[in-house]
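The whole structure should be built from the sequences, with the hints applied where relevant.
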Amino acid sequence: MEYAFLSPIEIAARTAEIIAPYLALEGPAMPMLHAVQAAFGFVPEASVPVVANALNLSRAEVHGLVSFYHDFRHEPAGRTVLKLCRAEACQACGSDRIAAHASAALGIGWHETTPDGAVTLEPVFCLGLCAAGPCGMVNERTVARINIARLDAILEAAR
Amino acid sequence: MMRIFVPRDALAVSLGADDVAAALRAACPDAAIVRNSSRGMAWLEPLVEVETPYGRIGYGPIDASDIPSLLASGFVDGGAHPKRIGRPEDHPFLARQTRITFARAGLTDPVSLADYRAHGGLAGLTRALGLSPADLIDEVVKSGLRGRGGAGFPTGIKWRTVQQAPSAQKYIVCNADEGDSGTFADRMVMEGDPFLLIEGMIIAGLTVGATRGYVYLRSEYPHAITAMNQAIDVALREGVLGDSVLSSSHAFHLEVRVGAGAYVCGEETSLLDSLEGKRGQVRAKPPLPALSGLFGKPTVVNNVLSLAAIPDIFAGGAAAYQALGMGRSRGTMPIQLAGNIKHGGLFEVPFGITLGELVMEIGGGTASGRPVRAVQVGGPLGAYFPPALFDTAFDYEAFAARDGLIGHGGIVVFDDTVDMARMARFAMEFCAIESCGKCTPCRIGSTRGVEVIDKIIAGDSKQLALLEDLCDTMKFGSLCALGGFTPYPVLSAIRHFPEDFSRHQPALAA
Ligand SMILES: Cc1cc2nc3c(=O)[nH]c(=O)nc-3n(C[C@H](O)[C@H](O)[C@H](O)COP(=O)(O)O)c2cc1C
Ligand code: SF4
Ligand code: FES
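Order-wise, the sequence lines are chains A and B.
Under this note's numbering, think of the first position of the first sequence as 1, with each following residue one higher.
Under this note's numbering, think of the first position of the second sequence as 1001, with each following residue one higher.
Certain hints may be false.
Computed from the model, here is a short list of chain A residues facing chain B with C-beta under 8 Å [said to hold, decoys possible]:
id, residue
1, C126
2, L127
3, L129
4, A131
5, R145
Residues of chain A clear of chain B, computed beta-carbon distances all greater than 10 Å [to be verified]:
id, residue
6, A20
7, A46
8, E75
9, A100
10, G109
According to the in silico footprint, chain B covers these stretches of chain A (three or more CB under 8 Å from chain B) [claimed, not checked]:
id, stretch
11, 21-34
12, 54-67
13, 90-98
Calculated directly from the structure, the hints in this document are not laboratory data.
Ideal Cβ positions, reconstructed from N, Cα and C, are used throughout, including at glycine.
Put into structure tokens, the structure is as follows:
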């Protein structure tokens, strides 16, 4: 993620470059926000006016978009984002126990990041792997049939 | 050259299929490792298959650490091994199915157009290109196809409305938001047979006069996004998509758009707002999306499975499709067996099979080995059924008659450790998290619902009447089915499992 070394002015300039390829699309807002988040790991405050300007929206409207969709973050996440599925089919396979173990081991709750910036814990509602629960995602990688041992290995690698 | 198949399906990959493929590549440098689609037998994934003179022989579930023992047992010739399952198509789980939408599942390389053609692909589109708009509609109407996204609305009627709407620009939008827990058939189509969906969308375009399509695909499906984009690139290059579909005078352009983690964006009007770049809030109907949909233009919005059924309806004829099923539910349904189930996966059959057959015979009961206590059918807005109702036939009307719904065809199995008061609480919590915020009964009612159920769990069973009132308000005062149907899981849990709502006794005062 590149944001750490950039000033707000640089972020704004980078944002303009990132969103340029999407300007010609029909309904470009979502692809733009995805691209911004992919580059920075979240949607920085300094990106908002740039996106708003490109879309002919107010800043408040862009904030409205970012806050409506669960995927978009207002602030940086940990180096590893651990998403655990909370939906029914995974619950039927004991996902609550997996989530409780992760939360206790990391000392954080949902949507929180460990103080050392290593891990962010997020809920996800179904990954379509419901015949092999409990499931989750470690950054971009999906994992199924998570048990305590597999979870511990994931957490160990993330530290 | 010897061919070995290792699925690229997300479920197989989530269980180590990429490592298995890499290990096989290293161990068998002379073999071609094909990344095929999944057969849909989840408990056997990763299912490795090897081509032999007697057909393909399957081995599963395979971990990379199994490779040495597989090689030692001569698996390249189909040799004996504890994980050998024989020819997958002879497996009872597959032999009992009527696979139409999933006819190619496991057989092909999903992004090989040559494979797709060799297995019957593009026959429907080729026939459709020779039909008049009136005949195209006729075929869809006659098939009896009803929308597979949940509501079961007749697809032919929807398409006719869009066909008859005068407009220079119309759209085909594929609803690939598949947010229901316990469902993954859309994902398997997009990862395993993406050309099928592309073909269905092109036929939809031909029929209604639309030249542009969008697949609104949830961000939780990274493998499906990759496969769809790869297939669209191939289809463009090979002249299936583009300005001249299969060298005809028809154009069709297709693009994937990725969602951003909002369940409500599966609701069609909310989905359209999201595609337009707005907050995904539900629109009041009318106007129907068929008349005023994406950017105000006439728009077909269909589920992945509805569109994926279309090519076979044209290839095999509406009559053949219509001949399957029961009552007003025609054709096949790709049913998804999920949760705590021994043999989970994808089971495509004509409508009419009973819930009990699905859960007990085909699914083999729970994975934990404990008794089945409840199953939720149709996702988070679907009712919970006890085993006493396992004679219910898989059919839109039969489920409605028992205050349930089949929705997108997901069945989630729970064993006897489930606490149904907690599941009712979760239904309300999910509604509160995912509500688009437009109507008060949904937005506020669901949060109140969580609080009331918490009191019940704490021992105050007098709150039950209040909970039922709240459900009534949500049912009748909500604009869409998120607020309107959340009462189904809640009320069915109370009705069929009342003991879970009274067993929590208040702590005695010391
Ligand atoms: C809250 C909510 C979520 C929905 N989610 C989906 C979904 O993920 N996929 C889908 O195809 N339909 C979903 N629907 C149904 C759609 O609104 C719509 O009926 C469907 O896309 C129409 O396509 P069909 O006729 O092919 O079923 C949802 C409806 C509601 C109210
Ligand atoms: S019922 Fe809920 S999700 Fe549906 S429109 Fe109303 S507030 Fe939005
Ligand atoms: S419910 Fe967890 S993956 Fe579907």
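Here is what the structure says about each hint:
1. C126: holds (5 Å)
2. L127: Hint holds; L127/A Cβ to chain B Cβ min 5 Å, cut 8 Å.
3. L129: OK, holds: L129/A within 8 Å of chain B, min 5 Å.
4. A131: holds (3 Å)
5. R145: Status holds, d = 6 Å.
6. A20: holds (16 Å)
7. A46: holds (20 Å)
8. E75: holds (16 Å)
9. A100: A100/A clear of chain B: closest Cβ-Cβ about 14 Å, beyond 10 Å.
10. G109: Holds, since 15 Å exceeds 10 Å.
11. 21-34: holds (count 8)
12. 54-67: holds (count 3)
13. 90-98: As far as the stretch 90-98 of chain A goes, the hint holds, because 4 residues have Cβ atoms under 8 Å from chain B.
When each numbered hint is compared with the structure, no violation occurs for any of them.
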